[in-house]
Structures are given as C-alpha cells and as structure tokens.
Amino acid sequence: MFDWILANPYAVAGLLLPIVIPLVVFQILPLLVLIERRGAAFIQDRAGPNRAYIYIPVIGVKLRAFGMIYNATDAVKLLFKENFIPPFVHKGWYLFAPGIPVITGLLGLALIPWFSPMLYAAGAAGDSVGRLSGQMIEANSGILMLFAIGSLGVYGVVLGSWASNSKYSLLGGMRASAMMISYEVSMGLSVMGMLLLVGSLSLTDIVEWQGQHTWGIVVQPIGFLLFLVSMFAECNRNPFDVAEGESELVAGFHTEFNGVKFMTFMTAEYLHVIAASILLATVYLGGYQLLPMPLPLDGFNAPWVDLDSMWLKEHLGIVFALMLAGGGAGLLGFAYLLTGRRRIYQNNAANDVLNAERSKEYSLYIVAFSLLGLGLLAGAGASALLMDTKATATAIGSTIIFPGWVNALTAFVQFNILIAKALLFCWLFVWVRWTLPRFRYDQIMALGWKVMLNIALVNLLATAVIAKLVR
Amino acid sequence: MAKVIPRPQLSFWENIYFVEIFKGLSTTWGHAQKNLIKGDFPTRNYPDELPDLPRDYRARHRLMKRPDGTPRCVACFMCSTACPARCINIVAEESTRLDIEKRPAKFEIDLLLCVFCGFCVEACPCDAIRMDTTLGVMVADNRAEFVLTKEKLMDWAPADYPATDTQSQKAPGGSLHAQALVDFNSGNKH
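Sequence lines, in order, name chains A and B.
With the first sequence counted from 1, adding 1 to any position gets you the working numbering.
With the second sequence counted from 1, adding 697 to any position gets you the working numbering.
Quick caveat, the hints were computed from the structure, so don't treat them as lab data.
Check the hints yourself; a few may be wrong.
Computed cross-link-like contacts, EDC-like style, restricted to lysine to aspartate or glutamate with a CA-CA straight-line distance of at most 16 Å [what the hints assert, rightly or not]:
no.	chain 1	residue 1	chain 2	residue 2
1	A	K63	A	E358
2	B	K803	B	E790
3	B	K849	B	D807
4	A	K168	A	E247
5	A	K63	B	D745
6	B	K735	A	D46
7	B	K731	A	D46
8	B	K849	B	E805
9	B	K847	B	E790
With the hints as extra help, turn the sequences into a complete structure.
So, in structure tokens, the structure goes:
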C-alpha cells in the first residue's frame, strides 16, 4: 500500500483533491461572513461586530481577531439552540430540505478547474505522458453539468418552503423558483457567447483558451455583465433576494427554520456566493491564469496547449516570489494600518484598563503581522534567487515534463490566483448587497424576460457573426 | 387650495438604472475605504468609549454635602412630594445640631423607578440634590443595586466638579472647604 502511494504520487493527489479542495474552500466561508458583516458596517459608517473575544491566558490578551470570533460564537449559539420543529410542518421534507443547497453548492466545486493539467512521466519505463486534470470530474459536458447542479440548489428552497406549510414560506419558495427559471435562461444565453468563441463546453478548455488568447471579460464584456447579474439572481442575493424578502414575507423561505437548520440554509447561501464567484472568475477572469495575455516562451518553441501555465512553470521562481512579496507587503501594510487603529483606541478609550488591554491586543496583531509579512518577503527573495525551474524541464517526445515539485507548486500558485480572483467577486457581492435596494418582484421579472433575455440574444447573435467572420 | 407637488421626472440615464448603480457603488466604496483605512468612525464604540455628557444633562443623582461632610438635606420631603415616579424614599430624624432641625436617616432613590425628570432638583429648597454627575450609564447585576442609598449618593469628590461650582468645592476635599468649614462651625451659615 505504502509502496503504491510512493510509486503513484499523482494518482494519490487525484484521490486527495475531492477531500482537500472542499475543505480549503470551506475556509473562505467564515472569511466571507466577516467581509459581509464588517463590509456592511464600513459602508454604513459603523464599526461592526468587534466585541466577542477569546482570552489567551499565558500572554493575557483578549483576542478579538477583527470580529472573526463571531463566526465561532454564532455557530455555537445556533448549534446549541433548541431544535424546535413547528407542529404543522411536514417533518421529513422539512428536515431534509436545508441540506440540499449545501450539497449542490459543494458538488459544483468538483467541476471547477483549480489548476492547469499536470503532465508527468508515467509508465514502467517513464516514457509515456500521464495527465492529472485540475478538475475533479473532467466531464465533456463541463459547464452544462455545473449549471444543472447549480440550479438544483433551488429545490432545497422550494422543498423547505413547501414543507414549512406556511404561506410566507411558500410565497418565498415560489418566488425563488420563478426567479430561477427566468434567470437561468439569460444566464445560459449570456455564457453561450463565450462557449462559441472557445468551441468547447469543458471548463478546462475555457480557461486554457483564455490563457492562449485573452480573458473572457475582454472579449465578452456584455456577456460578463449579464452573467454577473444572473449570478446575483441565482444566489438569491440583493438586489434579487425577494425569496427572503423580509419586508414582505417575514423571512421568506426560512421563516419556519431555526437553530442548526437555519444555519445550514445560511451556509448554503454563502457557499453559493463562493461557488458563483469561483465560476465567474473561471469563465470570465481567466480562471487560474496569471495574466490576461499569452506570454512568450523563451525556452521552447513547441505549440503549447497551455501557454500561460507553461510560462508560469518556466518562471515559477519569479512568480512565486511575486506572490509571496505581494502577500508580505499586504500584511506589512495591514500592520501599519493597525498602528493607526491602536492610536485611535488609545485616544478614545473610556478607562486606562481598557486602554492597556486594547493596546496589548493591537501590539500583538502588529508584531504578528509584521513578522509574518517579513517572513513572506524573505521567502520571496529566496524563491526569486534560488528557484530555477527552467533547468529541471525534461522532454518526452515533443512534450516538456516538469518534476513533481514544480507541478505541485504551480498548482498551489494557480489555486491561489483563482481564489484571489474569486475573493474580488465575493467582495463585489457584498458591496452590491449594501448599495442597491431590493427590486420589486414584478421589476425582477420584467428585467429578466424583457431586458436581459433580449440583450443576451443580441449578444449571442453578434458574437456568432463576428466569430464566423474572424475565423 | 391643495398644493400640487409634481413627481420628480427621471432622466433617460436615471431611468435605465444602469449608470446609477455605478454611482451608488462609488458612494458606498468611498465610505467603506475611508472607514477601513482611517478607522475613525462617526459612531462611538459605546461601552469602550463613553459619551461626553454635558454638566446640565440630567444624569444620576448626588446629594450635596456640608463642609463637615453631613448631607445638606434637611429631610423636608419636597423632592419626594414632587417626584412623579415616587422613587425617593426618605426617613427623617432629629438633627444633632441646634441650628438644623431635621436630617435624613435614610435617603433612597430607586433608579429603576426614576424617570430622570429633574423635578426633585427643582423642588429642593436648599440645593441638596443635584443631577449633574454626568453618569449616564447605570449598570448593575440585580435590582437591589439599583437602589441608591444615602452613602452612594454622597460618594463623590469635589475634584470631579469644576472650580466654578462653589457649592461642590465647599464640601470636604474641595478648594473652598477650609474657609467654608470655619463659616459653618461659627453657626452663621450652613
């Protein structure tokens, strides 16, 4: 068994992907909740939740972690709440429903290409080329399957609202399903322009095409905007969250849900936001590609399938150094920002005890972030100077093969690129939510059927004509 | 004659909503980045940062003191009569001084009943009760602690009050205390 693992590291990596990726993506969830709450607060000129803390006894610091502790307190509160089930609900479906959107949200991750396909020497003699895809399920139907899974999420909402046996829930569920149907059409049609250009449904192909040409947002700006708006509707986010509609429907589809069942619905909502952000980044922002243009290769002149990631592997030392340096500079900048915060606290604190407490806490943050930032900068310098991947390349036939550690590090860099792009969209979701008021239900329907569908059709037609003329 | 207010007419760009979205986003972005980078919120971190209440804010009560430290109150019951919430409970007793008739054996204010109207301050004939402590925050773990006794009401220091507040400065520890004590012991003034 152990021998087999050592002999087939890529097969083991392929088996580990479905475990590791969802676990990593799940870590974005508390971050997104934090961004949502503090972002909302900053937009509304408030401080936001910042009082829950964990007391660290040895150094005597009340660690508030910028409001991150609230995730833990909320989870504990909701988990230990009485699991009340109203007497009028259909128990089976009522308990089953919150799980569905979580499952569909996680299933979608299986179809996202997280990194470029790894090529490696396989076979007993090491003379054939093996390939490990960045997708967990490499289906030809690709994006269609993703849409199919994504739209299954609404079943949880509808089922939950129906099983609740309450008119507010039912109205919310009906709205969600009607909106899903309306916006699924324009979503499919808006992404169709991109598919026409790529000529494939596979998400890996879409990302590779963007690596060879340019990002989707450059060639399909209108398609991108339509897809973005449809994604807001798909996730039931503001300004399309009429399914929740607390001004009209109490709390919409989750009116009758409490405790851990409510938490599951909320998890699903944020999971869908993350999945939608990753999908947007994949289809329109170049996925795991570094730059919105193909890059010249100096080492090889073979017709590479995947220019951007090949360039990345060649210059991995520099790119990795840039990534670390960016992170380090960000952390140092954040530490500098925190010195200002510490000063404000010291000026405004109500008493000396509090002042000392806060100063200690902020000093800890500043020291920790500065050290981490300096460490990353040092790592960046070391990586830029020491890492030379170009020399490690070997050829099997006409295929250039890089050793395993280069492949792994490239996958790590590309995964981070994708997550960074997805986080941009996560912030956009939050930003829009706290900017725009909720649309009226009839306005949403009018927008979906009378405006977006038509623009999507015209966009598709124009793309088809231009694509035909250019080719 | 009814005044007709015309509905505001939206321009073409406002009507298609698209441009207005970006205007709104730029507004919210301005607030978000200002608060993120400067961190100086217009709101107050309430329990960490207490509000600066003015002296004439009707805050928690205090009982004024004579130069010898006894309450200035003569237990005339004017305040408890004026009190609309009936939160002042006074028990009077005979004073030991010949020039003062009565004094409070017990002076209690139930803060849970008090409506902070300030009538007691206005009713007092000898400036014995005031509400100028600027203690706007009252926290306790149980109901009994919300009942202010005479000792709690007299537990204040002249140093916390401005020098222009002569009555406070005449109390023990105040800047005018020494002269006031001489006057008080002579029996001319109290």
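These are the hints, each one checked on the structure:
Simply put, K63/A and E358/A have alpha-carbon atoms about 7 Å apart, close enough for the 16 Å limit, and the pair holds. Note on K803/B and E790/B: the hinted pairing holds, with a Cα-Cα distance of about 9 Å set against a maximum of 16 Å. Our distance criterion of 16 Å between C-alpha atoms is met by K849/B and D807/B, whose separation comes to about 12 Å. Distance check on the hinted pair: K168/A and E247/A sit about 14 Å apart at the alpha-carbon level, within 16 Å; holds.
This hinted pair checks out: K63/A and D745/B have alpha carbons roughly 14 Å apart, not beyond 16 Å. Using a Cα cut-off of 16 Å, the hinted pair K735/B and D46/A holds, with the two alpha carbons roughly 12 Å apart. Using a Cα cut-off of 16 Å, the hinted pair K731/B and D46/A holds, with the two alpha carbons roughly 9 Å apart. With a C-alpha separation of about 9 Å, the suggested pair K849/B and E805/B falls inside the 16 Å cut-off, and the hint holds.
Proximity of K847/B to E790/B is assessed by CA-CA distance (about 14 Å); at most 16 Å being required, the pair is judged to hold.
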